[in-house]
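Asker: Below are the chains, spelled out letter by letter.
Number of protein chains: 2
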Amino acid sequence: MPNTRKLILKPLAIDTYHEHIAYLHRQCPLYQSEEFRSLFKVQISNNGDSILATLNIIEGDELLNPNEIGLSIPAFRAFSQNAGCEVQLSPPQPVHSMQAVRAKINGQTLDKTDFMQICQDIIHKRYSNAEIAAFLVACTESGLDRNEVFYLTEAMIETGKRFEWDHAIVVDKHCIGGIPGNRTTMIVTPIIAAHGMLMPKTSSRAITSPAGTADTMETLAEVQLSFEKLQKIVQQTNACLAWGGTAQLAPVDDLLISVERPLKLDSVGQMVASILSKKVAAGSTHLLIDIPVGDTAKVRSMQDAIKLRKLFEFVGDQLKLNLEVMITDGKQPIGRGIGPTLEARDVLQVLNNDPNAPHDLKEKSLELAGRILEFDPDIRGGQGYHLARDILESGRAMTKMQQIIELQGAKTLDLQPAKYSLDITAPQSGRIEAIDNLHIAHLAHIAGAPFDKKAGIDLRQKVGQLVSSGDLLYRIYCERQANQQFVKDLIHHQGIGYQLSEHSL
Amino acid sequence: MPNTRKLILKPLAIDTYHEHIAYLHRQCPLYQSEEFRSLFKVQISNNGDSILATLNIIEGDELLNPNEIGLSIPAFRAFSQNAGCEVQLSPPQPVHSMQAVRAKINGQTLDKTDFMQICQDIIHKRYSNAEIAAFLVACTESGLDRNEVFYLTEAMIETGKRFEWDHAIVVDKHCIGGIPGNRTTMIVTPIIAAHGMLMPKTSSRAITSPAGTADTMETLAEVQLSFEKLQKIVQQTNACLAWGGTAQLAPVDDLLISVERPLKLDSVGQMVASILSKKVAAGSTHLLIDIPVGDTAKVRSMQDAIKLRKLFEFVGDQLKLNLEVMITDGKQPIGRGIGPTLEARDVLQVLNNDPNAPHDLKEKSLELAGRILEFDPDIRGGQGYHLARDILESGRAMTKMQQIIELQGAKTLDLQPAKYSLDITAPQSGRIEAIDNLHIAHLAHIAGAPFDKKAGIDLRQKVGQLVSSGDLLYRIYCERQANQQFVKDLIHHQGIGYQLSEHSL
Numbered sequence: 008m009p010n011t012r013k014l015i016l017k018p019l020a021i022d023t024y025h026e027h028i029a030y031l032h033r034q035c036p037l038y039q040s041e042e043f044r045s046l047f048k049v050q051i052s053n054n055g056d057s058i059l060a061t062l063n064i065i066e067g068d069e070l071l072n073p074n075e076i077g078l079s080i081p082a083f084r085a086f087s088q089n090a091g092c093e094v095q096l097s098p099p100q101p102v103h104s105m106q107a108v109r110a111k112i113n114g115q116t117l118d119k120t121d122f123m124q125i126c127q128d129i130i131h132k133r134y135s136n137a138e139i140a141a142f143l144v145a146c147t148e149s150g151l152d153r154n155e156v157f158y159l160t161e162a163m164i165e166t167g168k169r170f171e172w173d174h175a176i177v178v179d180k181h182c183i184g185g186i187p188g189n190r191t192t193m194i195v196t197p198i199i200a201a202h203g204m205l206m207p208k209t210s211s212r213a214i215t216s217p218a219g220t221a222d223t224m225e226t227l228a229e230v231q232l233s234f235e236k237l238q239k240i241v242q243q244t245n246a247c248l249a250w251g252g253t254a255q256l257a258p259v260d261d262l263l264i265s266v267e268r269p270l271k272l273d274s275v276g277q278m279v280a281s282i283l284s285k286k287v288a289a290g291s292t293h294l295l296i297d298i299p300v301g302d303t304a305k306v307r308s309m310q311d312a313i314k315l316r317k318l319f320e321f322v323g324d325q326l327k328l329n330l331e332v333m334i335t336d337g338k339q340p341i342g343r344g345i346g347p348t349l350e351a352r353d354v355l356q357v358l359n360n361d362p363n364a365p366h367d368l369k370e371k372s373l374e375l376a377g378r379i380l381e382f383d384p385d386i387r388g389g390q391g392y393h394l395a396r397d398i399l400e401s402g403r404a405m406t407k408m409q410q411i412i413e414l415q416g417a418k419t420l421d422l423q424p425a426k427y428s429l430d431i432t433a434p435q436s437g438r439i440e441a442i443d444n445l446h447i448a449h450l451a452h453i454a455g456a457p458f459d460k461k462a463g464i465d466l467r468q469k470v471g472q473l474v475s476s477g478d479l480l481y482r483i484y485c486e487r488q489a490n491q492q493f494v495k496d497l498i499h500h501q502g503i504g505y506q507l508s509e510h511s512l
Numbered sequence: 008m009p010n011t012r013k014l015i016l017k018p019l020a021i022d023t024y025h026e027h028i029a030y031l032h033r034q035c036p037l038y039q040s041e042e043f044r045s046l047f048k049v050q051i052s053n054n055g056d057s058i059l060a061t062l063n064i065i066e067g068d069e070l071l072n073p074n075e076i077g078l079s080i081p082a083f084r085a086f087s088q089n090a091g092c093e094v095q096l097s098p099p100q101p102v103h104s105m106q107a108v109r110a111k112i113n114g115q116t117l118d119k120t121d122f123m124q125i126c127q128d129i130i131h132k133r134y135s136n137a138e139i140a141a142f143l144v145a146c147t148e149s150g151l152d153r154n155e156v157f158y159l160t161e162a163m164i165e166t167g168k169r170f171e172w173d174h175a176i177v178v179d180k181h182c183i184g185g186i187p188g189n190r191t192t193m194i195v196t197p198i199i200a201a202h203g204m205l206m207p208k209t210s211s212r213a214i215t216s217p218a219g220t221a222d223t224m225e226t227l228a229e230v231q232l233s234f235e236k237l238q239k240i241v242q243q244t245n246a247c248l249a250w251g252g253t254a255q256l257a258p259v260d261d262l263l264i265s266v267e268r269p270l271k272l273d274s275v276g277q278m279v280a281s282i283l284s285k286k287v288a289a290g291s292t293h294l295l296i297d298i299p300v301g302d303t304a305k306v307r308s309m310q311d312a313i314k315l316r317k318l319f320e321f322v323g324d325q326l327k328l329n330l331e332v333m334i335t336d337g338k339q340p341i342g343r344g345i346g347p348t349l350e351a352r353d354v355l356q357v358l359n360n361d362p363n364a365p366h367d368l369k370e371k372s373l374e375l376a377g378r379i380l381e382f383d384p385d386i387r388g389g390q391g392y393h394l395a396r397d398i399l400e401s402g403r404a405m406t407k408m409q410q411i412i413e414l415q416g417a418k419t420l421d422l423q424p425a426k427y428s429l430d431i432t433a434p435q436s437g438r439i440e441a442i443d444n445l446h447i448a449h450l451a452h453i454a455g456a457p458f459d460k461k462a463g464i465d466l467r468q469k470v471g472q473l474v475s476s477g478d479l480l481y482r483i484y485c486e487r488q489a490n491q492q493f494v495k496d497l498i499h500h501q502g503i504g505y506q507l508s509e510h511s512l
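Protein sequences appear in the order of chains G and B.
Be aware that the first sequence starts at 8, since it is given in this note's numbering, and climbs by one per residue.
Be aware that the second sequence starts at 8, since it is given in this note's numbering, and climbs by one per residue.
Any given hint might turn out to be false.
Among the chain B residues that face chain G by a calculated CB cut under 8 Å, a handful are [unchecked claim]: (1) ILE21; (2) GLY67; (3) ILE80; (4) ILE139.
Keep in mind that the hints were calculated from the coordinates and are not lab data.
Virtual Cβ for every residue (Gly too), placed ideally from N, Cα, C.
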């Protein structure tokens, strides 16, 4: 009885993000049949086009008539049929790649084809969020072997767009994160570009950390650029410092992260696949990975860092990516400012060769830039650092940065921090033994960063320094008094994040 | 700035099943702040009430104004605040029990408190479907140890309603499934009730199998009964044969299954917790579990069956449930009919002592009933089977069944199968060596069962019988020609599901 399965298509202006939702009227004759009532997903077809969608049921006639089927914004967009046309409803075809997911759950190893089919089904929105979560947990729990990480990376690259650049060497850097204030990218990129190498840098915004490179750069310039504009800027300056969210590079990765992030899952294999797929899709040929190690960093021990390095190297080699890994000191935040405006201030101090510029941020940036410069076959091994220092100290890096800022769209420079400030002082005299990255990041986040750009923390003392009781350790800036109260409560319950030696000076 | 966070509450008539969805206008000033834009869930509060909901965004003014917040039907119901009141929106408090889920994902063992908190958060809809999926996969993959299964069972019981009965012994039976036609419950229950024992039987409907007990009983009587009506029927007849879906027993289990079923996950620990929590919540004191073993059954080997038996016994003992397990022959379907109407016909033949009644269905029912009768301390060990046979053959079981049918609400008896029939004959002469439970169930499902009650399969030959080429093996009934075509295609591609010995007669 095919005719009874026809419904009129109606777009509903509901944004269900990545999930396709179809809406049926409670009195829809089709929904009345038990066959559909027990379904969670339906297949909607017309003229050879077909999508899968999760069912929601509408009561009353406000939104839909019983002979209509509503589609949420992303579902309607994906279906590419006109409003008002007749569509056919049927039980969904099984999503075959879910068999591979179930095999993974049972501890089996998947092959190249499995990962490709999983990524294709995800990109065509054939997975519900629950199915994506099942895939992610399976990858977390039994883990992915290194071939599986490679297959997943490749599948994520092949199911998205790829940038092509007109240069033999296209470089990029990536820090695996967890260190507040670690804004080296905004110093490294202009140094590399000033040397004449191509570094089309796209970065993420912070979600749970107090600032991402895109958030910090956004205090100085526009970062949300069309691909065409971005390409033009790179052609003119060798670089850009843009937000990567609009580029549709390895889009499966975005879908995985949108489910993974609220679950707070942590899968090493998926992290490596995520990073490398984005870089290869962005057209990079050479990549430097920064792995900070410390008690409160993402990677806690040298052993873990080396294991991670080897995984990066293996997958990088398979992808024919020229990849190097630097294991760096992650025992405390880098620089002084934490939060977009305060970090931008630090970056500009370094680029301006300000004598007050934070030394650790400058040194780390020069080391990273030096390693990247040595990707250039004309640079003698070991000379990268000195060349980077020369480019920075001669002012050429700052000139390049100004060029990038202007082309992306400069903003009025305003480095004034947020209006409410709170001083945290040393509770005793002693030597600073440790600074808790996680706690300091959390405090800055609660203070309002990155949503309030001027909110954050300004560190005045770092590990190794001797302080007297009452000395200022750091200052917290908030835009709103409520946030300041949250910060006070958090410090009251969980401390100030600084560990001082017991003996007095 | 608390005032800017106030929105007007508006119920939206959208049934999002178990998930709470909140709808914001794209132009809502709150959504404009990046703080909310990056969120997937929000917390909505007023007068001390508070719920968590997943965000969907509405474009245009048709449904919502920018100063309103919409709630889907289940969310509005759970929030228990009036339409039009002012509510406060805030970022969600973290759901603490997700830490335990993440620990489980990492292979750790959880304790009683963990499972209780997880179940409480699930029952209060603080988990998204993706979070429930993560929990389920974690339970599947690293598995649950037997204490964990007990804790989960207990937590599922304690987060729902519990029935109380006025009898020292309340019995139940459960088959772990996978065997088509295995409709013993409808024979066992009237035998037990006729003996005077209490057996308030609630059953499920089929989802992927061709019939559940509720579907089959529904061809004879109403099965969707209020708890009050059900209680009254049990008081009058000692039994009922109702659908269990309305009772709110161990509701966490329903939520888990609603996510698990589309994922087709299979977790032994969760299955045991699911079965036992429902039975204890229904007030059972004595329970018989039937585990059929066969190459195409759910449990494939005696070793697996014994492992499963021990898990049932362990958790049953912890729950102070008097539990027995029978491991039965699952090498082929039980009875002849597969599908609601055809199975009801078999059941009535057995209850009516029809000489043509399927022998295997009768014998298995008597064995199960005999074991349950022996839960009665007055029955001598080993006498249960004979007593059961006596109750059946004297017609007392049928009288009891008629009483139950009448009180639940009898339907006009119509055992005529569906109109289109298709005969499947032996392709060669030989002995029937095996019948594939899974394939036969799949064929009956494709034929239309259980949605078309009269659709299904009627088996004419069982394992061990000798057939000549062209003899009728089984007949398939469909209500619609389209389904008949699907069945033909399936047989063409995957065979008839019967294995015949090579040598001719």
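Asker: All hints are to be evaluated individually against the structure, with a verdict given for each.
Answerer: Now for the hints, and whether the structure bears them out:
1. Taking 8 Å as the C-beta contact cut-off toward chain G, the hint placing ILE21 (chain B) at the interface holds, the least distance being around 5 Å.
2. Checking GLY67 (chain B) against chain G by beta carbon gives a least distance of about 5 Å; that is within 8 Å, so the hint holds.
3. For the restraint placing ILE80 (chain B) at the interface with chain G, the shortest Cβ-Cβ distance is roughly 7 Å, inside the 8 Å limit, so the hint holds.
4. The beta carbon of ILE139 (chain B) is positioned within 8 Å of a beta carbon in chain G (closest approach about 7 Å), and the interface hint is therefore held.
In the structure shown, no violation is registered for any of the earlier numbered hints.
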